[in-house]
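Undergrad: Construct the complete structure from the given sequences, taking the supplied hints into account.
Residues in the sequence shown are numbered from 80 upward in steps of one, following the numbering used here.
Hints were generated in silico from the structure; no laboratory data involved. All values derive from a computational prediction rather than experimental measurement. Hints may be right or wrong, so weigh each one.
Claimed, not checked - Label-pair restraints from in silico Cβ distances: (1) Ile123 <-> Glu96: 12 to 22 Å; (2) Glu141 <-> Lys102: 17 to 27 Å; (3) Ser135 <-> Pro110: 18 to 28 Å; (4) Gly144 <-> Glu98: 27 to 37 Å.
For glycine and all other residues, C-beta sits at the position ideal for the given N, C-alpha and C.
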Amino acid sequence: MEETLESQFALCIENEECEDLEKLKIYQVLPDEAAIQEGYLRVIDESGEDYLYPESHFVLIELPGAIDDC
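TA: See below:
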């Protein structure tokens, strides 16, 4: 994934074998450079906990500043 984690949110585009993800839902992404090097993103999923998921399951997105302030 060439984008940086400056955008702290990602859209789930695949949830195969990942029961705690909903397709087409936006998730918060936490910084984790080691995970990125291995092809994963650290995401807060439906359980409310952060876990590593394949980066291929997401597209990083930028949200308007007003949403970041919520």
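Undergrad: The structure should be examined with respect to each hint, and the outcome stated for every one.
TA: Hint-by-hint comparison with the structure:
no., hint, result
1, Ile123 <-> Glu96: 12 to 22 Å, "19 Å, holds"
2, Glu141 <-> Lys102: 17 to 27 Å, "20 Å, holds"
3, Ser135 <-> Pro110: 18 to 28 Å, "19 Å, holds"
4, Gly144 <-> Glu98: 27 to 37 Å, "33 Å, holds"
Violation of the numbered hints given earlier is absent; every hint is satisfied by the structure.
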